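Novice: Chains as they are written, first to last, in my numbering: chain A, 1 to 397; chain B, 1001 to 1275; chain C, 2001 to 2224.
Take the hints with a grain of salt, since some may be wrong.
Stated by the list, open to error - Not the full set, but computed from the structure, chain B residues with beta-carbon under 10 Å of chain A:
1) GLY1064
2) ASN1075
3) GLY1094
4) PHE1098
5) ILE1102
6) ILE1105
7) PHE1121
8) SER1132
9) ALA1136
10) HIS1139
11) ARG1140
12) LYS1141
These are computed hints drawn from the structure, not numbers from a lab.
If you're wondering where the values come from, they're calculated on a predicted model, not measured in any experiment.
All residues carry an ideal CB built from backbone N, CA and C; glycine is no exception.
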Amino acid sequence: MNSQLAQVHERRREIHRIERNQIGRINEQMRRLDLDRRYLENLSERTVAQQMQLDRIHERIAVLQSDFEPLAAQAAALRRQLVENRLEYSLATGQVRSITVGDLVHVYAPNQLHFLQRVVLFFQHIWSFLSEYPREANTEGGIWPAIFGTFIMTVLMSAAVTPFGVMAAIYLREYARQGLFVRAVRIAINNLAGVPSIVFGIFGLGFFVYFMGGNIDRIFFPRATEMGTPTFGTGGVLWASLTLALLTVPVVIVATEEALAAVSRGVREGSLACGASKWQTIQYLVLPAAAPGILTGLVLAMARGAGEVAPLILVGVVAFAPSLPVDGLFPFIHLERKFMHLGFHIYDLGFQSPDSEAAQPMVFATTLILILLVVALNLAAILIRNRLRRRYASQAF
Amino acid sequence: MPDPAIKTAVTPQASVTTSDVPLRADYISVRNFNFFYNGVHQVLFDLNLDIPERQVTAFIGPSGCGKSTLLRNINRMNDLIDGIRHEGDIFIDGHSIFDPDIEVISLRKRIGMVFQKSNPFPKSIYENIVYSLRVAGRHRKSELDEVVERSLHAAALWDEVKDRLHQSAFGLSGGQMQRLCIARAIANQPEIILMDEPCSALDPIATGKIEDLIHELKKQFTIVIVTHNMQQAARVSDRTAFFYLGKLIEYNSTEAIFMNPINSQTEAYVSGRFG
Amino acid sequence: MKRFYQGELENLRTQLLVMAERTVTNISDALAALHGGDIQLAERVIKSDDVIDELEVAIDAEASRYIALRSPVASDVRLLIVIMKVSHDLERMADESTSISKRVIRLMESRHMLEMGMLPELSLQAVDLVREVVECLVGDDSGKAESLPMRDKEIDQMHRRNFQFFTEKVQGSPELASDYIDLIFISKAIERICDHATNIAEEIVYLLRGMDIRHTEKTKRANV
């Protein structure tokens, strides 16, 4: 029984390997060639060179097709093998049922397990929940793509929001002449923090997706655009990250400004008296001293961004993404891809699933994960702040 | 305009070899100087005084008399404040510090400053001292090592910290921190050291060490010190200027100010019977 | 910890010791001129009095400068007070030796044979007392300094006997009256020198022990 199960797992992995890696790679090439083919075929007149190119594309498609077929056949054969064997079992009521072995995921006898085994099993389940792809329309399996999507989006968002927010704060605090205008800008920043997040989503859709993405597509991917398959002109992890960066930039600006203001006047004057320029002072002394405060602001921004859902629906999140934004295919990081997100995953499972009863445990578990993530980020912010306070408490400023 | 020969005499390197060149009695020269905050609020009124080279000149007077403001004008620290305005001029070695051709940064490189609260940077002792060299783009290790040792010796701190140069400056005591700040101020071989109440936060022992240090440093630097402590001014300075309400009331040798002041307000202030 | 300006105080003390040495020299020279009839020596004493006056002025100026600028306390402030008082005493002693020298010159010019009474003994005692006082000052010897005021009693008695003796001489031989009156004044001057020396001894005790032994029962009884 167990050896059969192991065989089933082995086959599944084999199918996965073939489908995702080898066939995936062929599909990607096919997709590109197909795009060129359709573009060339749609032209009313073709030059000789274009005709030659088209012929070459046809040839290569044929080659790829011939590569593809044995792989597909192999995969199909493995799938057939999966359903070859059936397991018959009887329920406590005496009824006899049967199931194909290929549909089995785990087999264990809960009543026969002793305590340690139960504990191990418990953690195994948690691990598979965290590390596996979803199955059965997200109602089964794990949430790994959603965790990964949330993570990559947060990282991208931080990368975008940090320089932007920090530079804005440095300008406002250190360089701008404190007057009516700067006051107005500060008020605007605080108001920006209060704008409903869906408004940011709409802005992101209009500005990033349609305007910027559309222009990028027109310039860099003209053929695909003409064929109606936008690359950047549709929602993706990049635009989602930038939208969230806009949403969280007030948090970073306010935190950075406070951190900069906390750097003592004495240190600044000391530096200037040593013949340092203003920028040298900021670079060598003010920023390092303010770094923990800036970091705190950034972590808070990440916590806020990781929990947002509404704007993401408009700019690139999907219920099920066939591939992660990072994989083994060149150029490895695919910023234009749609992605999955914990928050949206919860919404999808809870309200869009065909069988919401069945999805309930998944909803709760995913919610717990998301809450834990946000709590962890906030805790990190508090810890950083406390460490900073301790480090600077002893100073005679 | 000053004689170029005198100009070379005041750079510290040259002064060692040409010690026979007489020291200037008007090394820092304040002329008809008025100073305003917010454009209209006048805090200094028509000041005229000459500060001699390589002597200690003390500014005394009650709080708000403008002594610190004048001190901070000498290295143009007041430039940081919005809405300031000045009339008249200040000359260092014959050159106006407000000359538009003179960059304020190069001015400050020639003038070290020590503040009321010791303000070491959140860096190691070593990095604190070489800071002024680093911002001037000098990073050669042998040079920095030499400057650290020389400055710490000059600040009478070498023996106390030589084994922990690369530890945080915040591990030092208050007096040591202030001496570190002095070492930092002299690291880049300035000509002038400005001290803004350098001992007001220190205990008497640490204060004594700083005062002895000032006495040593005046052989090499022109020192201007602002102090609330009249005994301190009497002990360390060669000349004393008494300010009251933004005006220079009396400026004379320290001996004359403390033994036989001409002005009755000076007399009242130095004898503690003021106001 | 030694502060940079404490050297100034030591210099001041050294200056005082120089002044003390010079004063002792003047006193012993004046008395030597008296007993040896040495006019040149007497003239030298008169001349060198100016140096001592200058020293007093310089010490006073430096001490008051030190008080004004260095805010001295404890033993430093006692030292300064004592320096100023002692320099004043020394200056007075030097003045007395000058006045002795002037009278010596006049006596020499009148060329009379005179009886000296107890003057030689008094002179020896006075020079000895002054020297010992200065030794106490140099060697910071408060024990010896405390014992010195007792000797003033003996010196006072010698002076009183001199006074009686010379008064009788004036009455006995009126033609020598002015010379014997000079001798009375010389005896008085020596007695004054010893009074100042006693003061210095008391001041040394004050300097070293911080206690005032002037006009106490002990010294008063000794002075009767």
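Novice: Run every hint past the structure and note whether it holds.
Specialist: A quick look at each hint next to the structure:
1. GLY1064: Status violated, d = 19 Å.
2. ASN1075: 6 Å, holds
3. GLY1094: Hint on GLY1094(B): violated, closest Cβ of chain A at ~21 Å, above 10 Å.
4. PHE1098: 17 Å, violated
5. ILE1102: 13 Å, violated
6. ILE1105: Since the shortest Cβ distance to chain A is 6 Å, the answer is holds.
7. PHE1121: 6 Å, holds
8. SER1132: It holds, given that the least Cβ distance between SER1132(B) and chain A is near 4 Å, below 10 Å.
9. ALA1136: With a closest approach of 6 Å, the ALA1136(B) hint holds.
10. HIS1139: 13 Å, violated
11. ARG1140: Since the shortest Cβ distance to chain A is 18 Å, the answer is violated.
12. LYS1141: 18 Å, violated
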